[in-house]
Amino acid sequence: MFYREAGDFKTSYSDDGQTFPIAFDRWRYYAVLAVAFLVIPFVINDYWEKSIIMPFLVWSTVAIGLNILTGYCGQLSLGTGGFMAVGAYASYKLMTAFPELNIFFVVLLSGAITAAVGALFGLPSLRIKGFYLAVATLAAQFFLVWLFNKVPWFYNSSASGQITAPERSVFGILVTGPNAAPWASYLFTLVLVTALAWVARNLTRGKVGRSWMAIRDMDIAAEIIGVNPLATKLSAFAVSSFFIGVGGALFFSVYLGAAEVGEAFGIDKSFLVLFMIIIGGLGSIFGSFAGAAFMVLLPVLLKNVLVGGLGWPTDLAAHIQMVIVGGLIVLFLILEPHGLAQLWRVAKEKLRLWPFPH
Amino acid sequence: MSIETLNLIEVLINGLMSGVMYALVALGFVLIFKSSGIFNYAQGVMALFAAMTLVGLQTGQVPFAHLLNAVTGMHVTHFGWNMPSGLAILLTLVVMVGLAFLVERLVLKHLVNQEPIILFMATIGLAFFLEGFGDLMWTAEIKQLDVGLPGGLSEWFEGASMALADPEAGYWGMYVDKLDVTAAVVAALLVISLTLFSQYTRAGRALRAVADDHQAALSVGISLRFIWVMVWSIAGLVALVAGIMWGSKTGVQTSLSLIALKALPVLMLGGFTSIPGAIVGGLIIGAGEKLFEYFVTSDAFHGVTGFNIDATENWFAYVLALLFLVFRPQGLFGDRIIERV
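Each protein sequence line maps, in turn, to chains A and B. Add 42 to a position in the first sequence, counting from 1, and you land on the number used in my numbering. Add 232 to a position in the second sequence, counting from 1, and you land on the number used in my numbering.
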């Protein structure tokens with residue numbers, strides 16, 4: 043009853059094949075966009091920006107990136123943190139080397155640089171598969187972090203080894219640096235994330251996405267029916283790294299403002315993103331958002347309840363968080379391997395028929 | 233011999249020794265992978281958990297003391313007694329067997345027939361769970377582990393190596409840690425006994441049957457679940473040994489779980505299914521990364537390139553394994569991967 047299909051007629055194939063074929067769903071999606079663009083910028087404050095909304099948007103981008111590689115193309119990667127670092131350091135180098143360059147293009151170029159690096163580290167994927175490849179991507183993770191830590195050129199020989207984002211503006215409004223207004227950096231990130239999510243959704247629906255999924259489901263069979271494994275796997279690595287690089291650039295320049303590579307882009311970040319897509323749903327764009335929201339909100343919630351509410355020590359809350367996250371991963375893999383996205387799908391299906399069970 | 237040569241030999245020996253330590257962790261991986269096709273990422277955390285439990289039991293720590301104190305407002309930390317090492321090791325072993333049982337019951341049973349990659353991710357989840365749980369149970373602070381293993385400088389090596397150099401050259405002798413030598417001996421014993429176990433006992437034969445073909449093993453009456461519990465128990469034992477060695481060397485701390493990450497390239501090099509592969513891979517990685525580090529920080533390297541790099545141990549193993557895999561995807565001793573549609 044909540045999802046009325048009666049009277050919702052489609053008169054063309056493109057109507058039938060759209061992302062949200064049910065009118066109610068489509069309007070809900072427009073409503074979410076409207077709230078995100080027209081309401082939140084006016085009510086957002088510093089706390090919400092820094093601790094919830096910005097991390098959610100940034101991690102969503104990164105999660106979409108990893109989901110393209112792991113969820114759609116079936117190549118498990120543990121190098122996400124390293125690729126985020128490439129995006130962050132690329133944006134830093136671009137911002138300091140070309141001060142006139144608009145931050146918008148800086149972020150996109152960082153993504154492009156990360157795509158190139160990602161494709162390079164994706165080359166072995168032709169020969170090695172499965173968890174052999176997962177371990178191979180660890181090489182990318184450790185090597186890249188080491189590189190940014192040890193070669194002074196990347197951090198402009200700053201004394202602390204940290205990188206700090208200079209102030210940059212779009213249309214004369216500051217979006218990076220400590221003086222940027224919360225709504226400005228939020229809107230800037232939101233525009234990018236919305237556009238990228240739209241691109242990702244349509245890429246995965248089209249020819250490219252289909253060939254990724256063919257490789258994921260059975261690579262040798264896909265090769266026999268004419269999917270070029272080299273082009274497909276490398277494109278998955280490149281596109282995925284583009285998203286992760288943009289995410290890394292946003293993470294550093296707009297959200298954090300300053301970063302130290304070992305701390306901000308360590309191996310734990312790779313696992314964090316992997317958990318996001320497992321809990322959210324492998325092979326689903328919505329799942330990337332859901333997983334990111336879950337993993338961003340869980341620590342905040344636990345901290346508020348355990349530390350703020352019950353007065354327990356912070357380290358205890360951190361350990362309990364690990365137990366919960368680890369337990370949830372196992373639970374999701376056992377009970378619902380398609381994650382929160384599948385739960386959402388099931389709920390929708392139920393609501394369409396409600397109150398009748400069949 | 234010249235001092236440079238002796239230094240090189242010292243680096244090599246120490247590299248081989250640390251390679252043995254990597255191999256100890258890698259062994260646990262190989263066992264589980266061989267018998268069930270599960271790539272158990274949690275092996276490193278199991279070593280950490282075993283070491284934590286051992287220290288906790290030994291020093292009479294109250295489990296979950298931190299949580300209890302926070303919930304009830306009490307202030308308990310220790311029972312106030314010390315347990316002899318032997319008993320503590322035995323009890324820890326019981327805990328690890330219990331853990332194996334629970335893992336089979338709660339996780340593996342439900343994931344039969346899933347893709348290997350799903351199982352791998354499940355063990356990552358398990359690793360997180362276990363790490364958090366261990367911290368909750370025994371607190372996350374660095375703990376001293378002492379089960380009476382010999383440690384410190386080996387005078388015999390120092391003296392023997394000093395005799396090799398010119399008396400006038402002012403050579404001080406090699407530094408070889410006695411603990412590393414112990415670890416090497418223990419690893420050798422472990423490999424021999426594991427090989428004997430799998431070759432000459434009934435349970436070992438069942439284990440090899442399961443490794444060969446799950447369904448065929450089931451059809452001749454081998455209980456897959458018993459085998460899994462057994463294998464995870466043995467992996468728990470290996471984890472305990474690795475935990476004792478690493479814990480005695482560096483103290484029991486959270487970063488111990490990262491040795492799992494060091495064991496991964498060892499496995500890739502040696503092949504996932506080969507016990508000797510884990511040992512050889514460990515030795516190659518251990519010696520390789522120490523020698524590489526020695527080389528890139530040396531004057532000769534500086535003379536050619538004009539700069540020095542350091543801390544290459546972070547990535548050398550991975551890059552080596554990655555390059556190696558491109559040419560031989562199954563590793564040195566691994567089974568050839570044949571795929572059919």
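Don't read these hints as lab results, they were simulated from the structure. Watch out, some of these pointers could steer you wrong.
Claimed, not checked - Computed far set for chain A versus chain B, every beta-carbon distance over 12 angstroms:
| # | residue |
| --- | --- |
| 1 | 74 |
| 2 | 166 |
| 3 | 398 |
What the hints assert, rightly or not - Partial selection, computed: residues in chain B whose CB lies under 10 angstroms from chain A:
| # | residue |
| --- | --- |
| 4 | 292 |
| 5 | 295 |
| 6 | 339 |
| 7 | 351 |
| 8 | 490 |
| 9 | 504 |
| 10 | 512 |
| 11 | 544 |
| 12 | 553 |
| 13 | 562 |
| 14 | 564 |
| 15 | 565 |
| 16 | 567 |
C-beta atoms are modelled at their ideal positions from N, C-alpha and C, and glycine is treated no differently.
Cross-check of the supplied hints:
With 12 angstroms as the threshold on Cβ separation, the claim that residue 74 of chain A sits away from chain B holds: the shortest Cβ distance comes to roughly 30 angstroms. For residue 166 of chain A, the shortest C-beta to C-beta distance to chain B comes to about 5 angstroms, within the 12 angstroms cut-off, and the non-interface label is violated. For residue 398 of chain A, the non-interface assignment is confirmed: its Cβ lies about 32 angstroms from the closest Cβ of chain B, beyond the 12 angstroms cut-off. Because the smallest distance between the Cβ of residue 292 of chain B and any Cβ of chain A comes to about 21 angstroms, over 10 angstroms, the interface hint for this residue is violated.
A least Cβ separation of about 13 angstroms between residue 295 of chain B and chain A goes past the 10 angstroms threshold, and the interface hint is therefore violated. The closest approach between the C-beta of residue 339 of chain B and any C-beta of chain A is roughly 6 angstroms, which is under the 10 angstroms cut-off, so the hint is satisfied. For residue 351 of chain B, the suggested interface contact is upheld, since its CB lies about 8 angstroms from the closest CB of chain A, less than 10 angstroms. At about 8 angstroms, the closest approach between the beta carbon of residue 490 of chain B and any beta carbon in chain A falls short of 10 angstroms, and the interface hint on this residue holds.
Against a cut-off of 10 angstroms between C-beta atoms, the interface hint on residue 504 of chain B holds, since the closest Cβ of chain A lies about 8 angstroms away. Among the interface hints, the one on residue 512 of chain B is violated; its C-beta lies about 17 angstroms from the nearest C-beta in chain A, farther than the 10 angstroms criterion. Annotation: residue 544 of chain B was flagged as interfacial toward chain A, and the flag holds, the nearest CB pair being 7 angstroms apart, inside 10 angstroms. Interface hint at residue 553 of chain B: satisfied, since its Cβ lies 7 angstroms from the closest Cβ of chain A, which is below the 10 angstroms cut-off.
Against a cut-off of 10 angstroms between C-beta atoms, the interface hint on residue 562 of chain B holds, since the closest Cβ of chain A lies about 9 angstroms away. Interface restraint check for residue 564 of chain B: the shortest CB-CB distance to chain A comes to about 13 angstroms, outside 10 angstroms, so the restraint is violated. A distance limit of 10 angstroms between C-beta atoms decides the matter here; for residue 565 of chain B the minimum to chain A is near 14 angstroms, and the interface restraint is violated. Restraint check, residue 567 of chain B versus chain A: the minimum CB separation of about 13 angstroms is more than 10 angstroms; hint violated.
The structure fails to meet hints 2, 4, 5, 10, 14, 15, 16 from the earlier list, while all remaining hints are met.
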